[in-house]
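Here the sequence shown is numbered in the working numbering, starting from 1224 and rising by one per residue.
If you're looking for bench data, these hints aren't it; they were derived computationally from the structure.
Hints are not guaranteed to be accurate.
As the list claims (entries may be wrong) - Computed Cβ-Cβ distance ranges for the label pairs, DEER-style:
1. M1236 to I1271: 16 to 22 angstroms
2. K1301 to V1226: 32 to 38 angstroms
3. A1230 to A1302: 43 to 49 angstroms
4. G1237 to L1272: 15 to 21 angstroms
5. A1302 to G1251: 50 to 56 angstroms
6. P1304 to E1239: 46 to 52 angstroms
7. V1226 to L1246: 53 to 59 angstroms
8. K1301 to E1250: 17 to 23 angstroms
9. K1301 to G1274: 45 to 51 angstroms
10. E1239 to P1270: 17 to 23 angstroms
11. G1237 to Q1273: 18 to 24 angstroms
12. P1270 to G1241: 23 to 29 angstroms
13. P1304 to V1227: 21 to 27 angstroms
14. I1234 to P1304: 42 to 48 angstroms
These numbers come from a predicted model, not from an experiment.
Don't be surprised by glycine CBs; every beta carbon is placed ideally from N, CA and C.
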Amino acid sequence: LDVVKTADWLIDMGPEGGTRGGLVIAEGRPEDVARNPDSYTGQFLRPILQGRDVPAGGPPPELLLTTGPVTPEKPTKKAPPKKAHSTAPNRRVLAKKAS
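All chains, please: the whole structure from these sequences, using the hints.
This is the structure:
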């Protein structure tokens, strides 16, 4: 919400996700979206704009974001690239100037 509260313009889609969504619920400055009672985003943005923390209940599960890898990452060690070996003989060919 730190990024959302500093945006110039918001478009809040919803009211839910998937087939229960896809409608523009609120549009405007963050303050406008926070004043819209139908906006889930506005409900969580309102206390932040008023200088208070978000309620302890937190956002509904469909709005939770995860950070970091979903599965543990395996360490990856890449071998240095191999030198390409040419099959051509190591000779210099000099072109003769046409006379």
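Verification of the hints:
At roughly 20 angstroms, the beta carbons of M1236 and I1271 sit within the given window of 16 to 22 angstroms. The hinted range of 32 to 38 angstroms is satisfied by K1301 and V1226, whose Cβ atoms lie roughly 34 angstroms apart. The supplied range of 43 to 49 angstroms is met by A1230 and A1302, whose beta-carbon atoms lie about 45 angstroms from each other. Judged by the Cβ atoms, the range 15 to 21 angstroms given for G1237 and L1272 holds: they are separated by roughly 19 angstroms.
For A1302 and G1251, the Cβ-Cβ distance of about 54 angstroms falls inside the hinted range of 50 to 56 angstroms, so the restraint holds. Separation of P1304 from E1239 is about 50 angstroms and conforms to the stated range, judged on CB atoms against 46 to 52 angstroms. Our hint of 53 to 59 angstroms for V1226 and L1246 is violated, since their Cβ atoms are close to 23 angstroms apart. As the Cβ distance of K1301 to E1250 is approximately 47 angstroms, the hint placing it in 17 to 23 angstroms is violated.
Distance hint check: the CB atoms of K1301 and G1274 are about 49 angstroms apart, consistent with the given range 45 to 51 angstroms. Distance hint check for E1239 and P1270: the Cβ-Cβ separation is about 22 angstroms, which falls inside the suggested range of 17 to 23 angstroms. Between G1237 and Q1273 the C-beta distance comes to about 22 angstroms, which sits within the given range of 18 to 24 angstroms. Judged by the Cβ atoms, the range 23 to 29 angstroms given for P1270 and G1241 holds: they are separated by roughly 27 angstroms.
In this structure the hint that P1304 and V1227 lie 21 to 27 angstroms apart at CB is violated, the actual value being about 44 angstroms. The hinted window of 42 to 48 angstroms between I1234 and P1304 holds, with their beta carbons roughly 47 angstroms apart.
Hint violations for this structure: numbers 7, 8, 13, all remaining hints satisfied.
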